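Number of protein chains: 2
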Amino acid sequence: MQKTAAILAIGDELLSGRTRDANMHYLAGWLTERGVALTEARVVPDDAAMIGEALNALRTRYDYVFTSGGIGPTHDDITVDAIAAALGVKVIENPQAAAMVRAYYGGRGIDVTPARLRMARTPEGAELINNPVSGAPGVRIENIFVMAGVPRIFQAMLNAIEGAIEHGEVIHSCAATARNLPESMLADQLRDIQAALKGVTLGSYPIDGDEMGVTIVARSQNMAIADQAINAVAAAMRALGAEPEMEDRK
Amino acid sequence: MQKTAAILAIGDELLSGRTRDANMHYLAGWLTERGVALTEARVVPDDAAMIGEALNALRTRYDYVFTSGGIGPTHDDITVDAIAAALGVKVIENPQAAAMVRAYYGGRGIDVTPARLRMARTPEGAELINNPVSGAPGVRIENIFVMAGVPRIFQAMLNAIEGAIEHGEVIHSCAATARNLPESMLADQLRDIQAALKGVTLGSYPIDGDEMGVTIVARSQNMAIADQAINAVAAAMRALGAEPEMEDRK
Numbered sequence: 001m002q003k004t005a006a007i008l009a010i011g012d013e014l015l016s017g018r019t020r021d022a023n024m025h026y027l028a029g030w031l032t033e034r035g036v037a038l039t040e041a042r043v044v045p046d047d048a049a050m051i052g053e054a055l056n057a058l059r060t061r062y063d064y065v066f067t068s069g070g071i072g073p074t075h076d077d078i079t080v081d082a083i084a085a086a087l088g089v090k091v092i093e094n095p096q097a098a099a100m101v102r103a104y105y106g107g108r109g110i111d112v113t114p115a116r117l118r119m120a121r122t123p124e125g126a127e128l129i130n131n132p133v134s135g136a137p138g139v140r141i142e143n144i145f146v147m148a149g150v151p152r153i154f155q156a157m158l159n160a161i162e163g164a165i166e167h168g169e170v171i172h173s174c175a176a177t178a179r180n181l182p183e184s185m186l187a188d189q190l191r192d193i194q195a196a197l198k199g200v201t202l203g204s205y206p207i208d209g210d211e212m213g214v215t216i217v218a219r220s221q222n223m224a225i226a227d228q229a230i231n232a233v234a235a236a237m238r239a240l241g242a243e244p245e246m247e248d249r250k
Numbered sequence: 001m002q003k004t005a006a007i008l009a010i011g012d013e014l015l016s017g018r019t020r021d022a023n024m025h026y027l028a029g030w031l032t033e034r035g036v037a038l039t040e041a042r043v044v045p046d047d048a049a050m051i052g053e054a055l056n057a058l059r060t061r062y063d064y065v066f067t068s069g070g071i072g073p074t075h076d077d078i079t080v081d082a083i084a085a086a087l088g089v090k091v092i093e094n095p096q097a098a099a100m101v102r103a104y105y106g107g108r109g110i111d112v113t114p115a116r117l118r119m120a121r122t123p124e125g126a127e128l129i130n131n132p133v134s135g136a137p138g139v140r141i142e143n144i145f146v147m148a149g150v151p152r153i154f155q156a157m158l159n160a161i162e163g164a165i166e167h168g169e170v171i172h173s174c175a176a177t178a179r180n181l182p183e184s185m186l187a188d189q190l191r192d193i194q195a196a197l198k199g200v201t202l203g204s205y206p207i208d209g210d211e212m213g214v215t216i217v218a219r220s221q222n223m224a225i226a227d228q229a230i231n232a233v234a235a236a237m238r239a240l241g242a243e244p245e246m247e248d249r250k
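Residue numbers (full-length UniProt numbering), protein chains in the order written: chain A, 1 to 250; chain B, 1 to 250.
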């Protein structure tokens with residue numbers, strides 16, 4: 001049985017158009033490689049009520065919830081407080097986190113100010129997620145991983161929690177792309193192939209900027225069935241006069 | 001009063017890591033330019049129950065809901081059916097949509113197959129959104145705009161609904177970036193500037209790949225106040241020995 005996961009990306013800048021979120025896409029690939037199904041994503045502003053409501057919806061429904069953003073030292077970093085409020089626990093200055101912040105900044109000859117120590121505040125009962133990039137740790141509490149929004153730090157924190165994620169059966173995927181073949185030409189064949197083969201999902205994706213081409217992706221826990229499906233798709237493409245470009249399965 | 005909006009991006013490929021969503025970011029900028037506040041985003045798989053539940057949560061809460069994805073001709077395109085089910089209305093073959101599909105394909109000497117006519121199915125009572133790129137229209141019903149997932153078509157459909165969106169006061173933003181200045185050095189000053197100026201929001205964003213630099217963004221409906229805030233931020237940066245790079249307000 002695959003574990004399920006959700007991501008809650010937090011930040012006004014993601015919704016104003018200033019910043020294009022990168023963490024959802026990265027996490028999606030990372031979880032897929034580990035056989036965990038990313039099943040939902042939400043983006044909310046730096047608003048405690050909205051963060052709390054989304055978190056409570058996601059944490060009860062999925063095995064893992066990852067948040068990104070809002071754990072820095074400035075006034076707009078409210079994620080820790082919002083999450084603690086949603087869980088009904090206090091925020092404390094975590095001694096271990098404070099030691100990590102002191103060690104990081106102290107070791108670089110930088111003052112450990114109250115603003116920096118703000119990054120040592122965690123919900124009571126939380127464990128820490130190591131941050132090798134910039135010192136201030138992330139937080140794990142219950143099934144929630146509270147991580148930084150800066151992509152390089154988000155990715156480093158994912159490495160740090162590798163051991164906490166239970167791997168499942170990996171979904172294999174392989175793809176065939178046909179140029180100059182609109183997806184509607186293949187619709188009937190795809191439906192038939194999907195119906196004939198159990199345990200495979202076919203996705204059909206028009207090529208952006210060239211709506212007369214299409215990529216078909218076959219996904220299955222069984223690599224042989226994914227191969228069988230994509231070979232049937234490729235044959236259907238050839239029967240329509242196209243020469244499919246095959247993508248290695250992974 | 002600004003109108004609010006949400007986007008519901010639909011597609012297994014967005015959650016598997018195969019495709020990086022581009023429509024949320026584009027829509028965010030497009031709405032910001034028109035003084036509409038994108039307030040929430042969700043991504044769900046091609047699953048009718050999940051689409052319906054998310055849609056019903058968003059459409060009652062925000063003035064506008066935009067969906068992207070799942071309106072093509074193939075078996076995995078279930079968005080129209082899921083939305084109709086969520087609204088409790090029937091799906092019909094829309095005569096006007098069928099005429100558009102026939103005109104587009106017929107005009108190119110391509111057969112109008114049942115699969116292509118699948119793209120003419122709409123919830124009963126829907127209006128159409130013109131698709132100048134590939135013929136098959138989007139759908140507007142109540143406060144919901146059902147649009148294509150392919151970014152070029154999504155963007156063309158946004159142009160087509162320009163007149164249906166009520167513009168509000170635009171939030172102006174301007175920014176100052178300091179290299180080699182960690183955001184925690186500025187935390188107290190930002191808090192003070194934010195407290196002293198009404199009607200402005202300051203956001204603090206570490207620079208990715210260089211966590212010792214930071215961009216501060218001031219947002220306000222009042223351009224003069226945004227300017228005043230960012231000038232105060234720039235002065236605080238200079239007082240710490242940094243030379244801010246200013247970004248033109250928009």
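Since the hints were made in silico from the structure, they are not lab data.
Honestly, I wouldn't trust all of these hints.
All copies of an identical chain are treated as equivalent in the list; a pair is satisfied when it fits inside any one copy or across any two copies.
For lysine to aspartate or glutamate, the following DMTMM-like pairs were computed, each having C-alpha atoms within a straight-line distance of at most 20 Å [said to hold, decoys possible]:
(1) K90 to D188
(2) K3 to D63
(3) K3 to D47
(4) K90 to E169
(5) K198 to E169
In this text, all values refer to a predicted model and were calculated from it rather than measured experimentally.
- prompt: For this structure, which hints from the list above don't hold up?
  reply: Going through the list in order, the structure violates hints 1, 4 and respects the others.
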